[in-house]
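Peer 1: Each chain, written out:
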Amino acid sequence: MTADRHPHRPQSPPAEAIRIGVFICHCGGNISDVVDVRRVAEEVGRLPDVVLSTTHMFMCSDPGQMLIEEKIRELGLNRVIVAACSPTLHQLTFRRTLGRAGLNQYLFEHVNIREQVSWVVEDKAAATLKATRLVRAAVGRIRHLQPLAKRRIMIHPSALVIGGGVAGLVATRDLAKRGMRVTLVENTPFLGGRMAQLYTLFPSNEDAKELLGKLIAEVVHHPLVTVHTSAQVMSSSGIVGDFRTKLRISPRGVDKRLTQVGIAMAACPEETISEYNFGLTRRKAIYMPYPGCWPQMPAIDWRSCTKCGKCQAVVGGKGIDLAQEPKEIEIHSGVIVLATGYDPYEPMFGEYGSGIFPEVITLQQLIRILDPEGPTAGQFVVNGRPVRSMAFIHCAGARQYEGINMPQPSGKVNDYCARTCCTAALHQANEIKERFPGIEIYDIYQDIRTYGRGHENYYERASERGVIFIRFDPMRLPKVRHDPRGEKPVVIMVQDMLTNRMDVEVPVDVVVLATGVMPHDISELVDMYKCAVGYDSFLLEVHPKLRPVELAVSGVFLAGSCQGPMDITECSAAAAAAASKAAALIAQGQVEMDPFIARVNEDLCSGCQTCLTVCPYEAITRDPRKGVAVINEALCTGCGTCAATCPSNAIQQFGFTDTQVMAEVEMLLADMMPEPLPTGGSHE
Amino acid sequence: MSEPANTAPADPRPAAGPNWQPRIIGFLCYWCSYTGADMAGTARMKYPPNVDIIRVMCSGRIDPELVTTAFARGADGVLVCGCHIGDCHYITGNHKTMARMPLLKRILLDMGIEPERFRHEWVSAAEGEKFSKLVAELTEQVRRLGPLDWPGLMRARGVGHGMDLKAWGE
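These protein sequences, in sequence, are chains A and B. Everything in the first sequence is counted per the numbering used here, starting at 1 for the first residue and increasing by one. Everything in the second sequence is counted per the numbering used here, starting at 1 for the first residue and increasing by one.
Note that these hints are calculated values from the structure, not bench results. Watch out, some of these pointers could steer you wrong.
Stretches of chain B that chain A covers, calculated by requiring three or more beta carbons in the stretch to come under 8 Å of a beta carbon on chain A [what the hints assert, rightly or not]:
#1 52-63
#2 69-77
#3 91-98
Some chain A residues well away from chain B (every beta-carbon gap over 10 Å; in silico) [stated by the list, open to error]:
#4 Asp49
#5 Arg95
#6 Leu201
#7 Lys310
#8 His455
#9 Glu505
#10 Gln609
#11 Arg622
Quick caveat: nothing in here was measured; it's all calculated off a predicted structure. Glycine included, C-beta positions come from ideal geometry on N, C-alpha and C.
Extracted from the complex, chain A is given alone in its bound form:
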């Protein structure tokens, strides 16, 4: 460790005489039944600078903590070691104990002699030896600890919500109601997200667009809310309390002065498929997805617009400007809520006949067809043919099995349950039975579950109304083929598990794939905010039960189906939870963070920039004037990777400096040296 010998290194240990107190816990026998704790205390008590080495039945109890406080005051201890359970349990407890006794809480070392000694070692003598070594190592290490202070960061009282679907809208509304300034950004030109593409909603049969309209009105008319549509997040910097997000806002091309909307749209010669109707219809380059959309004016789709100017000419140029340029703005916010939503699973070519037969459609397309304002004005017509019989196939793109289903481009199959499609499919089955009573419906599933209040009714009503259920074996998927008899366009060949694996042929007019959900592609945001992503590619919360709407990145929250398949009820609940968590954080005014960050010793840094390449958070930059690395302490999360990388040992991580960890190594092995090292840290 040549660098440790550098004269510029801060002096360690400090000038004040070190007085170490060692407290060993019996844990009511959990430890002391295996480890001879008195013997450990005795052995460790012989080490230099150990002023006190004692045991207690329960260190974490009030009397145990009182003992530590008393001894700190009485003996003037300035370092405290507690050997007990795992630090994940009580490290914080004892840090606070030190704080109460007026000692810096980071002059503490927690030794794990329960989970990692007494509970796993059978031989008592060996366990006692091991505990002694571990406590001895802590004595070596604690000599080199320095008082540290928690970092405090002020929080800007504002929020940025990314995604204008139902989750983003609910989060925005709730945050604004609590008096926070909120910026809502939506990638597309219109608010509403996937909810706008639905017709009636389970379990209340309310109209999706009407409900959405109410929610949008609450949001956009709130004085604290700013909405940016057609806005893309370009880059983001900063940390909790102080995020700076750059947005690129594409021009709408249309403003409020445009009154003759229909005439302008009719004049447009360019057509493209309608995303809103899932490709069932075509739309113009200047378009509105549906009559009640927000904003109540068309937008120009610049990918299909040729700037021919016909729309402009037909309205006399009023309200249409094809020459607008995109603009970039920066949003300053204290917290960020991600509500980026989902995309319906897109069946692969040939999957259940998809792409081969126009009669194979998705559940999302069926919902558009059944919408009275949809492409067929509510008539149940597919490929120009009125439907008399139909079949649902469940779990298309969900609960897949490797080797059975075709994998995604990532190589993975969607093995998770998409949760919403069972109820959604049966909801549509009931809708069809009500509106078109003569239609035969087959429901082909591997498993079916309409969980949730009021949802079970859909299954029961569907059974009563004569929907025929056929259960397939996920290892033998149903096949969709051309009907050889020509009575119907397609026939489904399936082995029915409910009738002892009887082979069944079901000729139908239309096959509806109850398609699952996939996370919306937000790989750029994932990189930008360093989001954790689960094995299913949805965003991953810190803890599913204890911190369900928070990302590991402090100050970034999850709302809705970016986190996993959810129905609208669950999305709203998740969004409301995210909003209240975000609001609670903002209300604190500031955040405290652990001090275990890394710092550069400028005298030692050679400016090689190796550390810049290893930092997962891009927290390190090079100071061009001094030619040395600089760590942005606000961005540093304290992993220590740079400290391990620096060839000059110029970077040290507080709490885990080379000296501290080396002292631990040395003291663990002190008995292995020809001349035992009594204190550790000989490389000082």
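Start from chain A and add chain B according to the hints.
Peer 2: Quick look at chain B alone, frame taken from chain A:
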């Protein structure tokens, strides 16, 4: 509460014959592997006491120098554990571990340390059983190789190798 009647003998010296126990240093990341080791404890999975654990925040913090120092100070084996790739609490900290450790293994070979004395594995917070088996396996592997006793070796050869025990300026 009855006091255990066990007595702790002094640590056995290297190459002390039949009583010799391998000494292994384990560097574990806090978020996955250390929690995985705790989990083995919570489930009372018994494993040999030979691996002494040092906790770091991320396996990316494990400087190869820490590993070589452990050997230089008398360890018979070293274990390095981190989160599985993709599970790192610090996103990509363990990617650096993944790059470093195979290189380190080659360097150890050049130094005359059998590669079987060094083990690098991913252990998640839920893999208590994997951890306990890993410790048992590595302990037996190192036991078969016998003591390394690098301090004794260096002393016999009269070379320091950064092992001069005097602190700077002393």
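Peer 1: Would you mind marking each hint as holding or not holding in the structure?
Peer 2: Consistency of the hints with the structure:
Under a criterion of three residues with beta carbons nearer than 8 Å to beta carbons of chain A, the stated coverage of the stretch 52-63 of chain B is upheld, 11 such residues being counted. Counting residues of the stretch 69-77 of chain B whose beta-carbon sits less than 8 Å from any beta-carbon of chain A gives 5, enough to reach three: the coverage restraint holds. For the stretch 91-98 of chain B, the proposed coverage by chain A is satisfied: 4 residues have a C-beta within less than 8 Å of a C-beta in that chain, meeting the threshold of three. Every CB of chain B is more than 10 Å from the CB of A/Asp49 (nearest about 15 Å), matching its label as outside the interface.
No Cβ of chain B comes within 10 Å of the Cβ of A/Arg95; the nearest lies about 15 Å off, and the non-interface call holds. Even its closest Cβ contact with chain B, about 36 Å, leaves A/Leu201 beyond 10 Å, as expected for a residue assigned away from the interface. Every CB of chain B is more than 10 Å from the CB of A/Lys310 (nearest about 50 Å), matching its label as outside the interface. Residue-level check passed: A/His455 sits 32 Å from the nearest beta carbon of chain B, beyond 10 Å.
A cut-off of 10 Å between C-beta atoms confirms that A/Glu505 is not in contact with chain B; the least separation is 44 Å. With a minimum CB-CB distance of about 15 Å to chain B, A/Gln609 clears the 10 Å threshold, and the non-interface call stands. With a closest Cβ-Cβ approach of about 19 Å to chain B, A/Arg622 is found to remain outside the 10 Å limit, as its non-interface label requires.
Going down the numbered hints, you'll see the structure goes against none, and every one checks out.
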